[in-house]
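Student: So the chains spell out like this:
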Amino acid sequence: MSKLTGWLYTLRSLVRRNAADREMADEIAFHIERQTSKNEALGLSAEDARWRALQEFGGTTRWREEARRARGSTPIDLVERDVRQAIRGLVRNPAFAVMTTLTLALAIGANGAMFGIVDRLLLRGPEHIAAPEQVVRVYVTRTLSNGNVTTSGLQPYVLYRGVRDHTSAFSAVAIYLPLDLRVGVGLDSRLVHATYATPDLFALANVHPALGRFYTVEEDLPPHGEPVVVLGYGYWQTDLAGDSAIVGKVVTLDDRQFRVVGVAPRGFTGVERAPVAAWLPMSARPVDPRAGDWTTSWRPATPGIVVGRLAVSKVQAAAQLTALVRREYEGPDKAMPTANVRVLPISYDLEGAEPRELGVARLLAGVAIVMLLVAAANMTNLTLARALSRRRELGVRVALGAGRWTLVRLMVLETVMISLLGGMLGLALAHWGGAVVQEALLPNVAWDELPVNGRVLALTIAATLLTGVVVGLIPALRVSGGDVALALRAGRSDSAGGGQAHGTARASLQVVQLTLSLVLLFTAGLFVRSLRDVQQLDLGYDRDRVLAVDISFPRPDSGATANGDAGTMATRARYEDLLTRFERVSGVASASIAFSSPLSAVNITKLQIPGRDSVPSGKDGMALLVAAAPHYFETVGTRILRGRGIEERDVSGAEPVVVVNETMARALWPGEDAIGRCVVLRVAKADACARVVGIARDVHQMTLKEDALNQAYVPWGQDRRLVGGSVILVRGQSDASRLIPALTDVVRRSAPGVRSLQIRSFEELLDPQVRPWRVGATVFGLFGAIVVLVAAIGLFSVVSYLVTQRTHELGVRIALGARRGQVLRLIMGGALRTALIGAVLGGTVTVAIGPALQPLLFDNTARDPLLLAAVAIGLLVVAIVASAWPAWRATRVDPLLALRSD
Amino acid sequence: MAGQSSIVPGTLEMLVLKTLSLEPMHGWGIGERIQQLSRDVFAVNQGTLYPALERLQRDGLISAEWRVTENNRRARYYRITRSGLRRLETEREEWERSVRAVDLIMRTT
Chain A
1 MSKLTGWLYT LRSLVRRNAA DREMADEIAF HIERQTSKNE ALGLSAEDAR
51 WRALQEFGGT TRWREEARRA RGSTPIDLVE RDVRQAIRGL VRNPAFAVMT
101 TLTLALAIGA NGAMFGIVDR LLLRGPEHIA APEQVVRVYV TRTLSNGNVT
151 TSGLQPYVLY RGVRDHTSAF SAVAIYLPLD LRVGVGLDSR LVHATYATPD
201 LFALANVHPA LGRFYTVEED LPPHGEPVVV LGYGYWQTDL AGDSAIVGKV
251 VTLDDRQFRV VGVAPRGFTG VERAPVAAWL PMSARPVDPR AGDWTTSWRP
301 ATPGIVVGRL AVSKVQAAAQ LTALVRREYE GPDKAMPTAN VRVLPISYDL
351 EGAEPRELGV ARLLAGVAIV MLLVAAANMT NLTLARALSR RRELGVRVAL
401 GAGRWTLVRL MVLETVMISL LGGMLGLALA HWGGAVVQEA LLPNVAWDEL
451 PVNGRVLALT IAATLLTGVV VGLIPALRVS GGDVALALRA GRSDSAGGGQ
501 AHGTARASLQ VVQLTLSLVL LFTAGLFVRS LRDVQQLDLG YDRDRVLAVD
551 ISFPRPDSGA TANGDAGTMA TRARYEDLLT RFERVSGVAS ASIAFSSPLS
601 AVNITKLQIP GRDSVPSGKD GMALLVAAAP HYFETVGTRI LRGRGIEERD
651 VSGAEPVVVV NETMARALWP GEDAIGRCVV LRVAKADACA RVVGIARDVH
701 QMTLKEDALN QAYVPWGQDR RLVGGSVILV RGQSDASRLI PALTDVVRRS
751 APGVRSLQIR SFEELLDPQV RPWRVGATVF GLFGAIVVLV AAIGLFSVVS
801 YLVTQRTHEL GVRIALGARR GQVLRLIMGG ALRTALIGAV LGGTVTVAIG
851 PALQPLLFDN TARDPLLLAA VAIGLLVVAI VASAWPAWRA TRVDPLLALR
901 SD
Chain B
1 MAGQSSIVPG TLEMLVLKTL SLEPMHGWGI GERIQQLSRD VFAVNQGTLY
51 PALERLQRDG LISAEWRVTE NNRRARYYRI TRSGLRRLET EREEWERSVR
101 AVDLIMRTT
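Chain order of the listed sequences is A and B. First residue of the first sequence? That's 1 in the numbering used here, and the numbers climb one at a time after it. First residue of the second sequence? That's 1 in the numbering used here, and the numbers climb one at a time after it.
Hints are computed from structural coordinates only; laboratory data are not their basis. Misleading hints may appear alongside valid ones.
As the list claims (entries may be wrong) - Label pairs and their computed distance ranges (CB to CB):
#1 W66(B) - M424(A): 22 to 32 Å
#2 W95(B) - R478(A): 41 to 51 Å
#3 R820(A) - N45(B): 58 to 68 Å
#4 R478(A) - N72(B): 47 to 57 Å
Unchecked claim - If we take Cβ atoms under 7 Å as the criterion, some of the chain B residues that face chain A in the derived model are:
#5 P24
#6 W28
#7 G47
#8 Y50
#9 P51
#10 E54
#11 R55
#12 N71
#13 A75
#14 R76
Glycine residues also receive a C-beta, built at the ideal position from the N, C-alpha and C atoms.
Excised from the complex, chain B in its bound form (with noise of 0.2 Å):
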């Protein structure tokens, strides 16, 4: 699929926050999720995907649960917890901050 590229590298767990602090979502619908949000810019790496969910509940920002989907199929969802709304919140301001930063670079003539 021409015109995909890779989500910017250490930003995954910030855009799985920002997905999952819109509902909650089970592992194959965050990826999809980022990539519909992104217009198709952003294939996520499938498989990174779970790493970063287990590295996410084991900082205590996303909590799981064993739920039955609309096709009555087991899968696991995620939930965005209190902490990682908060998380969320500053990951945002700093990446904001860089971008602006960045751009005023890209800009200086």
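Chain A extracted, bound-state conformation (with noise of 0.2 Å):
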């Protein structure tokens, strides 16, 4: 019962907080009055009397406080006032109230960003892989005759078999191949990820369809497996818009029909991290029976991943599957015998190395919690100055009747509220950047959710108390814990016990903030050097003024196929049909056709020169052989250096030509002229040997690092195996790219029966190799500013306090004639001091880093002092202009003010 109306009574005090406030408000006030006419009574004199009144309460604001307590209104009370307070407290202050919140910001949304990446990347795994430690792939390490080593993350299906049925080192293992599908027909299709794997990947990660079933291992019976597919979710969603009926109706992968038995659990990428579109059976590859038994082969055409749960350590898994692999290898290789398993974490590449996206991420990550550190020294340092500058309205505080605690409270809770805005803009910025950075780092990469998920709130939330409440207790308890008499003496002045120390920990700090400032920047420009030479890299050829149409007619009839010639007859005449086509679009330089031309695929030959007995070993008797059409050279911009290209005179039927790069050329005929010589390519009908009519400029075939090798240019049509799979390369006058509407229009209106279309700019087929050091430039330079942000701003709201702090001082220096310019330099002087020493340590870390960047770096040198000398330069001048503020407001002091305010 009394506990009931106590209930009562402190919720109705809540509801009437203000109205309970002002009645106890009154009644002190009555109290007063009357105790004042009392002693009135006595015999003082008014004054006297009511300052008797006053001093026998014993403080009203005290009393007013406990008896508000005894209300039991405290709790939800006191945390209003609290806040209140401490609003008014920032917004008495907002410079320092938005430095920090920005800084804090900056430096949590970096934090958010990475530890998403970093996140699923590391400590996660792929989604619904259960304990992804375990969960290893299996790497072949052979040494080959010359020394070399080699890693290899592609194994035969035997491998597979081997280790599943003649070894226990895994609870489950699975072999499966990634790869690119077209899914539908015509110009319509288009290329999706798909992987055929065996039946037991889904055991291994022990998943379940989200509709229908997976594939039996009867449905995966080598040498032919059944036509069924297992759908992705997100294509399931997209494309087929999340059909219920969807199991038993018939998709057409590559041109082949598979019925679709299930779809795959949301957000399921098997031990991959790319989204999957369609899972097939391993066994319902398409194979050529030319090239054997891919079942029992040591070096099928299309080998696969081979990946497992360990039963057993790692070291003994290892073992056991070397032993296998020596025991039971069949083939010419003479390394396999003496070959060594390896087992490696699902995140590492095929080479069995790690990938350097990871190194990336993981460097940015420790970046961005270096970073937070940073802000959070920033931020402390700020609130113990503003704290010392406080000290006698503390002093007052307390000399009415404030607890330690309270203050401390109250300062705490001041950071807290600043530190949650930061964190809330924060989670803007890691949401937003997260995003991008996601993007440019890992395209490839199934991003199940927002940049910002459950686990990145609940640490950035983490994050952002720990450092409020640190921030905060700090100077509080410092500040609080001192004489308060002496804290009212002291006025404006900072404390001389601690002060040197202080400004000496306060220095320090802004020289890491530089330091680290210089080194991101640093390495960012190395990024941006390396992005630019890869662009400017002359790679032999055009790359953003061609583009490469990539095309695939249907298949010949039956007749055709039984007569070959009559077959490749009709693919030319559909090639050079459409060539002529594309030459009449305006905007098209120029235009011609090629068999493996670059960025589209390899294609080598063996050589003989007649009249030499040995054939040339090694890449010396090889060559790139590539089929051109007339205005090949023209078309994709490689410079005929003598001689001449491959003309219309060089149809089928005429003398065999052949044009060949610089490197064959010195290669075959040292100190000669190879124009005019003969070279058998063994490709080309036997026998008939082609005379060199020209010699072309060495291009990149395939990749931005690669050394040139022997190349060959033949007349394209001469040679029927070098027809089907061409591309026709135009040539743009400007940019190649807006042509492309036009093409695809051409090839909808005269040639409809075509099974694929794809046309790509050299400049896109190149991207993938060029995003490493995008993606360097990009983040590191992002982060680079952040940091720079953050460090300016910590150097201008420091300036600004010392500035504040010293008004007093400066007050007397200027009552006492100093000249604007000798203010100046006195304030700019220190923060320029810090900035020097900033650069100094910062040019001496990337000296010491060096050797680490170099491997990410393309060609150019990590040692780069006149980079260096400009991202010092730049910081410097960031220092002026921070400090800039501040110190011309220094001069602006006005003595009389300056000196009356103490």
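Combine the two chains into a complex, taking the hints into account.
Tutor: Structure, rendered in structure tokens:
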């Protein structure tokens, strides 16, 4: 009963809190009034009587406070009042609030974004894979006869079967092969990412289908599995509108019909990270009967990736598998009987190395954490500076009866509020920036959710609160611990005790920030240079003006297949028909056809030179073979150094001719003129010797970084094996990509039966190779900019505080005749000194970490004094700008006001 | 004022209840009355009175209302409730028992 009334009373006073407070104030006022008149009656003067009454009461605020607490409304009351007071404190000093919020927002944003990525890549593994650290990929490491060691993650089916049937290393083992398949028919078809996999992959991941079922072991019996498919959830949702009756329907993949048996669970990507549109039985792959039995061959045309869930330790598993491979291998490879099998984490790439993106992500996450620490230290510093300048206010509060705990609570509340504000802003930044970084760093990863997911959110909130509490607690405990009376007397000036040490700490913090800024900016600069070098690298052809039209015509009818030449003639006619139509499109400068043109395919042939006994050994005896139609060289932009290119007169039936590249000319006919010589290309008809008619520049066939190989160009159409699978090359008069719609339209109108069409510029084909450098430049640039901003804000606010604190001193100086320039020097000198030390330290660090950065760069050196100087000067400018405004303000100090203020 | 001392710790609320059982009174008056009834032996620490009054209200032992004083001034008057009277009775018994006990101990020679 009495408990209930107690609650009711508390509740009532909560509801009418303000009224209750007012009543209490009235009541106390009445009390003082009565006491005063009583004291007057005792013969005191009116003033003395009132003073005495107040004294007897013993602090109206304190007792009002006590009474309120007795009312039972305190907890909520206190919070609200404290929050209001904290807001008032912050509003009174907006610069402090804005600066610290901004700094913290940037740091928390960077941390949130990077944690989201690291979480996905390092901590959690692919979606749906439980205990991913137990799941490993199988690699075979061989030592070649020339001493080189190579590691490969691509294994034959026979190895998978051996592991499955003859070892106890894994509790589940699967083999899979990711690749792109064309879904649909004709011009509307498109490539999707698919995976051939044995059904034990689903068992290994222990997943259950979202719809229907997975295919069974019986449906995946080699050599010819059933044409069934399990669709990826994302593909089912987007391309098939989540059709709930999809099971039993048929989808066309690479012109083959597959019956849908089920849909994989949402977000399931196997042990890879790229989204998978279709899962197909491993033995449903189209196999070339000429390649032999793929299930028993140790060198099949299409190997797969073997993945298993460890049942024993990694060392034991590797030992078992090594023994198996050495025992079972049958074939000509002399390195295999001594090969070693390794089991490595599924995050590793096919060469058994940790992917570069992972290293970059880890590096960036480290930088982000350092940044948060720096931002927190920055904020602590500012809070302390502010607390010191508020000593008098705090002293007054203590004198008025505020307990130490109240003061600490108040100050911590202020910083917690700032950090919460910063955290919210930071989350927005993380959301936006995380998407950018994800897209830039790892576009092929299935980012199943927003950059800011539950875990990121939880971590950010925890980091935010922790930062707020720690940042507020340190200064609060320091300041509130002092002697109140001393604080009151000390006035505005920084207290002598610890002031010096504190100044040093502040300066070293600034130095650390500037050092970090310099290192990040320098790294970003290196990446930008790499990117520029990559973009300006001369590949031997024009990358921005050329389109590669990859087209596949319908299969010739059965009659034509029987008569190979007729089929080839038909295909050739189709290419040539389209070529003439493309040439007429306005904006097209020239067009040609090529088999295995740069960036599309590699076709290697053996060489023989009549009159020489021995076939040149090694790479001298090989050449990349390209079949090129007339105008090929002017279309792709490869210069003919001597002689001529392929021309109209070199049609089939005419004298066999060949254009060779510089390297081949030098390698086969050193010191002689290659033109007019004769070389047998073993791919062409036996014995036919081709006459060299021209020498072309070396080109990069597939990659940005490659040594020039022998290369031979023969007329397109002469050899019927070099026709199907050609690309049409189109050179635009200006930006080639603008021609894509017009070219697509031509194909649509004149070649309706086309099975697939893909038009991409050389630039686009190169893009995956350029990306690492672009990512490095973007991400390091972004982080560098953020850190510089944080450092600049820190510098600006610390200098501002110093100016505020030294107002009195500056007033005196100005009153004594200090000139504006002198004051400016006084204030900015410190900031500049800090920046200089930071620049020197940063320079040292960049030299130290140079070797670590080197492998991430493209050809350019990690020691770049010019870049270093530029970055250092840039930072000094930032330091000057950041300290200039507060310094200028210092020169405007009115000596009269400054002196009187104390 | 020599000869004055603070009230015995823990008895303030009982004394307030006793005072209010005589007649409704405002805060200042309660302090004055306690001092007066104790023949100036006890001086109430005036500030402490108000938290005590809030506590008693919360426990439902007294109630309050705003009234006009004889000097035409608004003041909050407190009145003892029925459960307040009951509480006063138990507190009084408790008090007398402990006083007797203390007395017994002190008289032992």
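Student: Run every hint past the structure and note whether it holds.
Tutor: A quick look at each hint next to the structure:
For the pair W66(B) and M424(A), the beta carbons lie near 45 Å from each other, so the given range of 22 to 32 Å is not met. For W95(B) paired with R478(A), a C-beta distance near 48 Å keeps the hint of 41 to 51 Å intact. Roughly 59 Å separates the CB atoms of R820(A) and N45(B), a value that falls within the hinted 58 to 68 Å. Our hint of 47 to 57 Å for R478(A) and N72(B) holds, since their Cβ atoms are close to 54 Å apart.
With 7 Å as the threshold, the beta carbon of P24(B) stays out of range of chain A, its nearest partner Cβ sitting at about 14 Å, so the hint is violated. Hint on W28(B) holds. Least Cβ distance to chain A is approximately 4 Å, under the 7 Å limit. This hint holds: G47(B) has a C-beta 4 Å from the nearest C-beta of chain A, less than the 7 Å allowed. Satisfaction of the interface hint for Y50(B) is found here, the shortest Cβ-Cβ separation to chain A being roughly 4 Å, below the 7 Å cut-off.
Restraint check, P51(B) versus chain A: the minimum CB separation of about 4 Å is within 7 Å; hint holds. The beta carbon of E54(B) comes within 4 Å of a beta carbon in chain A, closer than 7 Å, and the hint placing it at the interface holds. Given hint, R55(B) at the interface with chain A, holds; its Cβ is 5 Å from that chain's nearest Cβ, closer than 7 Å. Violation of the interface hint for N71(B) is found here, the shortest Cβ-Cβ separation to chain A being roughly 9 Å, above the 7 Å cut-off.
A cut of 7 Å between beta carbons decides the hint on A75(B): the least distance to chain A is about 5 Å, and the hint holds. The beta carbon of R76(B) comes within 5 Å of a beta carbon in chain A, closer than 7 Å, and the hint placing it at the interface holds.
In this structure, the hints that do not hold are numbers 1, 5 and 12, in rising order.
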